[in-house]
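Note that the protein sequences, when read in sequence, are chains L and C.
Residue 30 is where the first sequence ends in numbering that gives the first Met the number 0, and the numbering goes up by one at each step.
Residue 488 is where the second sequence ends in numbering that gives the first Met the number 0, and the numbering goes up by one at each step.
Derived by calculation from the structure, the hints in this document are not laboratory data.
Since the structure is predicted, the reported quantities are computational estimates derived from the model, not experimental observations.
Yeah, the Cβ is synthetic: ideal placement off N, Cα and C, and Gly gets one too.
There could be a bad hint or two in this list.
[Stated by the list, open to error] Straight-line distance between alpha carbons at most 35 Å, and here's what the computed DSBU-like set of lysine-lysine pairs gives: (1) C:K122 / C:K302; (2) C:K165 / C:K344; (3) C:K453 / C:K158; (4) C:K302 / C:K65; (5) C:K236 / C:K122; (6) C:K165 / C:K475; (7) C:K236 / C:K453; (8) C:K302 / C:K81; (9) C:K409 / L:K28; (10) C:K122 / C:K237; (11) L:K28 / C:K158; (12) C:K397 / L:K28; (13) C:K345 / L:K28; (14) C:K65 / C:K479; (15) C:K302 / C:K236; (16) C:K165 / L:K28; (17) C:K122 / C:K479; (18) L:K28 / C:K294; (19) C:K392 / L:K28; (20) C:K236 / L:K28; (21) C:K345 / C:K207; (22) C:K479 / C:K392; (23) C:K158 / C:K65; (24) C:K453 / C:K65.
[Claimed, not checked] Estimated spans, in silico, between C-beta atoms of each pair: (25) C:G118 / L:M0: 30 to 38 Å; (26) C:R405 / L:T1: 45 to 53 Å; (27) L:L21 / C:P169: 27 to 35 Å; (28) C:G180 / L:I6: 21 to 29 Å; (29) L:T1 / C:I410: 32 to 40 Å; (30) C:F146 / L:M0: 32 to 40 Å; (31) L:I6 / C:P186: 21 to 29 Å; (32) L:T1 / C:A356: 50 to 58 Å; (33) C:V388 / L:L21: 43 to 51 Å; (34) C:L176 / L:M0: 16 to 24 Å; (35) C:R396 / L:L21: 21 to 29 Å; (36) C:G180 / L:T1: 33 to 41 Å; (37) C:R414 / L:I6: 27 to 35 Å.
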Amino acid sequence: MTIEAIITMILIFGICLGGFILFLYLSSKEN
Amino acid sequence: MTKSETFSRWGIIFAGIGMAIGTGNLWRFPRIASQYGGGAFMIAWIVFLFIWAIPLLTVELALGKKIRMGVIGSFGKMMGRKYAWMGTFVAFVTAAITFYYTVVTGWCIKYLFATCFQGLIRKEPIQYWETFSSSWEPVGFHFLAVFVGCTIIYFGVVKGIERANKILIPSLFVLLLIAVGRSLTLPGAVQGLNFLFSPNLSQLGNIKVWLNALSQAAWSTGAGWGLMLTLGVYSRKKENPLLTTATLGFGNNMASLLAAAAVIPTVFSFFAGQNLAQEKVMDIMKQGNEGLTFKWIPILFSKIPSGNFFLALFFLALCFAAFSSLITQLELISRIFMDTGLTRKKAVVIVGICCFALGLPSALSMGFFNNQDWVWAMGLVVSGSFFLVLVLKVGPRKLREEIITRPEHKIRLGRWFDFLVTFFLPVQIIAMLAWWFWDSYSTSPGNWWNIFSKTSIGTVLFQWAAALGVFMIFNKLITKRLYLDKNDD
Numbered sequence: 000m001t002i003e004a005i006i007t008m009i010l011i012f013g014i015c016l017g018g019f020i021l022f023l024y025l026s027s028k029e030n
Numbered sequence: 000m001t002k003s004e005t006f007s008r009w010g011i012i013f014a015g016i017g018m019a020i021g022t023g024n025l026w027r028f029p030r031i032a033s034q035y036g037g038g039a040f041m042i043a044w045i046v047f048l049f050i051w052a053i054p055l056l057t058v059e060l061a062l063g064k065k066i067r068m069g070v071i072g073s074f075g076k077m078m079g080r081k082y083a084w085m086g087t088f089v090a091f092v093t094a095a096i097t098f099y100y101t102v103v104t105g106w107c108i109k110y111l112f113a114t115c116f117q118g119l120i121r122k123e124p125i126q127y128w129e130t131f132s133s134s135w136e137p138v139g140f141h142f143l144a145v146f147v148g149c150t151i152i153y154f155g156v157v158k159g160i161e162r163a164n165k166i167l168i169p170s171l172f173v174l175l176l177i178a179v180g181r182s183l184t185l186p187g188a189v190q191g192l193n194f195l196f197s198p199n200l201s202q203l204g205n206i207k208v209w210l211n212a213l214s215q216a217a218w219s220t221g222a223g224w225g226l227m228l229t230l231g232v233y234s235r236k237k238e239n240p241l242l243t244t245a246t247l248g249f250g251n252n253m254a255s256l257l258a259a260a261a262v263i264p265t266v267f268s269f270f271a272g273q274n275l276a277q278e279k280v281m282d283i284m285k286q287g288n289e290g291l292t293f294k295w296i297p298i299l300f301s302k303i304p305s306g307n308f309f310l311a312l313f314f315l316a317l318c319f320a321a322f323s324s325l326i327t328q329l330e331l332i333s334r335i336f337m338d339t340g341l342t343r344k345k346a347v348v349i350v351g352i353c354c355f356a357l358g359l360p361s362a363l364s365m366g367f368f369n370n371q372d373w374v375w376a377m378g379l380v381v382s383g384s385f386f387l388v389l390v391l392k393v394g395p396r397k398l399r400e401e402i403i404t405r406p407e408h409k410i411r412l413g414r415w416f417d418f419l420v421t422f423f424l425p426v427q428i429i430a431m432l433a434w435w436f437w438d439s440y441s442t443s444p445g446n447w448w449n450i451f452s453k454t455s456i457g458t459v460l461f462q463w464a465a466a467l468g469v470f471m472i473f474n475k476l477i478t479k480r481l482y483l484d485k486n487d488d
């Protein structure tokens, strides 16, 4: 696997998983 | 709204994720992502999550929460009853999609049965699909899908939709993780991941990549369908629409990524060690949704160790994804009947009968199915534009400050929302429609006007115009049935 593909994979998964966990946390905190 | 008709905090998140995750995540995303530049496509797809899906879903949820009526009632109350026909069109587009989506759900059930009990993996999949799709069997499975979907919503919001999604969504993620684990341990899987995530940034200059990313973000998250609005009817007063829709948007994208990480490395593994593996994979990906799922997936799984088990797992995940979306679609139609004063039970029975009857032509004819998919999938862009007209008529700032946000909300939409809906979203809609019309015209320039062709611009415009004409003519009658004439603001 190329280094560019690894970085892109980490970035894309990171944004989606990170966003999901962040907003789950924020919504549980606000409610 | 009684307590039994109001989602819990987690209930609406599960229901929202269930609404968004559908068969499109499992069969469309891996195909489109690999066709349009892999990593570059995904960058564009995440951009549209922020500037299309989350803003539109937030508007929908806030409207449902404020008005406490289905799509038609919400348009009528927010814009005045003479504009309620826009809501009727939005509801009809989603209903028209539901009529053939129940057929697709039926196919998924059939293939799950066939894998578990009829040894599908040992049969010749292409011939098996041809025999199945040209028989009466799809009608039986279409009935089963409608029956199961209506039974779930018959029990109401908390006991039906919330409970079903609390089982379906975590199970779906577990199934996807198992499938990813299997696919990544196959020989040649790394080439698949490399192919899927190679950024190829030059593709970001290709308009087709952006337009396909927009269409995937719009269709996959359910933005502009009126589904989130329907779920919003049952939300709690203090619900923060922005947080809920952002959570489901990212959750939906995670499911798509997991599906792609399960499917693409498996396809590569099949061709491992062969010359021109990438070209062969692209040929499969160009086969379309049914081609990939019902013809190629059984072939691919037949070649891997414990293939039968993992094929059953794949179709089980597909069934879960299909039902989690289908129940919200059925609820959208039922909600409108309930707004006329009918009880839930009566409304669900009527919706069940209508869905079965109006889905029959798609169950019996692939030609009719493809025509309906062609016409109404694109109709969603018009639905999205009607939501935008609503926002612009009410005023983006007023909507943001008085309807979307409550004083106790800490996380709020900023002024960027006003700019986005006033300038950015209209440009996106016009660009998408213009590109689609041009692309369709250039594919068959001599036949674009033919209303009897399965996939022409003519058939789309004719069916859209017919639906809009009928809804405008009967607008007064429809608004009267929904009691909007007595409550018009």
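Status of each hint after checking the structure:
1. A C-alpha spacing of about 13 Å is found between C:K122 and C:K302, which places the hinted pair at or below 35 Å, so the restraint holds.
2. For the hint pairing C:K165 with C:K344, the CA-to-CA distance comes to about 22 Å; that is within 35 Å, so the pair holds.
3. About 41 Å separates the Cα atoms of C:K453 and C:K158, which puts this hinted pair outside 35 Å; it is violated.
4. Only pairs whose Cα atoms come within 35 Å are accepted, and C:K302 paired with C:K65 is rejected, the gap being roughly 53 Å.
5. Taking the CA atoms of C:K236 and C:K122, the gap is near 54 Å; set against the 35 Å cutoff, the hint is violated.
6. Distance hint between C:K165 and C:K475 is unfulfilled; the C-alpha atoms sit about 40 Å from each other, more than 35 Å.
7. Between C:K236 and C:K453 the alpha-carbon distance is near 45 Å, which puts this suggested pair outside the 35 Å criterion.
8. A hinted pair counts as satisfied when its Cα atoms are at most 35 Å apart, and C:K302 with C:K81 does not qualify at roughly 59 Å.
9. For the suggested pair C:K409 and L:K28, the alpha carbons sit about 10 Å apart, so the restraint of at most 35 Å is met.
10. The suggested pairing of C:K122 with C:K237 is violated, with an alpha-carbon distance near 54 Å, which exceeds 35 Å.
11. Pair hint L:K28 plus C:K158 holds up; C-alpha atoms about 26 Å apart against a cutoff of 35 Å.
12. With a CA separation close to 26 Å, the supplied pair C:K397 and L:K28 stays within the 35 Å bound.
13. Under the criterion of a C-alpha separation no larger than 35 Å, the hint pairing C:K345 with L:K28 is inconsistent with the structure, at around 39 Å.
14. Distance restraint check for C:K65 and C:K479: the Cα-Cα separation of roughly 21 Å lies within the 35 Å cut-off, and the hinted pair is therefore satisfied.
15. The hinted pair formed by C:K302 and C:K236 fails the criterion: a straight-line CA distance of about 53 Å is larger than 35 Å.
16. Among the hinted pairs, C:K165 with L:K28 is consistent with the structure: their alpha-carbon atoms are about 21 Å apart, no more than 35 Å.
17. At roughly 56 Å between alpha-carbon atoms, C:K122 and C:K479 are farther apart than 35 Å, so this suggested pair is violated.
18. Note on L:K28 and C:K294: the hinted pairing is violated, with a Cα-Cα distance of about 46 Å set against a maximum of 35 Å.
19. Annotation: proposed proximity of C:K392 to L:K28 holds, straight-line Cα distance about 34 Å (limit 35 Å).
20. Restraint check for C:K236 and L:K28: satisfied, since their Cα atoms lie roughly 16 Å apart, inside the 35 Å limit.
21. A C-alpha spacing of about 46 Å is found between C:K345 and C:K207, which places the hinted pair above 35 Å, so the restraint is violated.
22. This hinted pair checks out: C:K479 and C:K392 have alpha carbons roughly 23 Å apart, not beyond 35 Å.
23. Between C:K158 and C:K65, the direct Cα distance comes to roughly 23 Å. Compliance with the 35 Å bound is thereby established for this hinted pair.
24. Proposed proximity of C:K453 and C:K65 is contradicted: the alpha carbons are some 40 Å apart, above 35 Å.
25. Here the CB-CB span from C:G118 to L:M0 is close to 36 Å, well matched to the stated 30 to 38 Å.
26. Between C:R405 and L:T1, the C-beta spacing of about 48 Å keeps the proposed range 45 to 53 Å intact.
27. Checking the proposed 27 to 35 Å range against L:L21 and C:P169 shows it is violated: the Cβ atoms sit about 20 Å from each other.
28. With their beta carbons about 23 Å apart, C:G180 and L:I6 fall inside the hinted range of 21 to 29 Å.
29. For L:T1 paired with C:I410, a C-beta distance near 38 Å keeps the hint of 32 to 40 Å intact.
30. Between C:F146 and L:M0 the C-beta distance comes to about 46 Å, which lies outside the given range of 32 to 40 Å.
31. At about 24 Å, the CB distance of L:I6 to C:P186 agrees with the hint of 21 to 29 Å.
32. Between L:T1 and C:A356 the beta carbon distance is about 53 Å. The supplied range of 50 to 58 Å therefore holds.
33. Here the CB-CB span from C:V388 to L:L21 is close to 32 Å, at odds with the stated 43 to 51 Å.
34. The hinted range of 16 to 24 Å is satisfied by C:L176 and L:M0, whose Cβ atoms lie roughly 20 Å apart.
35. The hint said 21 to 29 Å for the Cβ distance between C:R396 and L:L21, and at roughly 27 Å that hint holds.
36. A hinted range of 33 to 41 Å is violated for the C-beta pair C:G180 and L:T1, which are about 23 Å apart.
37. For C:R414 paired with L:I6, a C-beta distance near 33 Å keeps the hint of 27 to 35 Å intact.
Going down the numbered hints, you'll see the structure goes against 3, 4, 5, 6, 7, 8, 10, 13, 15, 17, 18, 21, 24, 27, 30, 33, 36, while the others check out.
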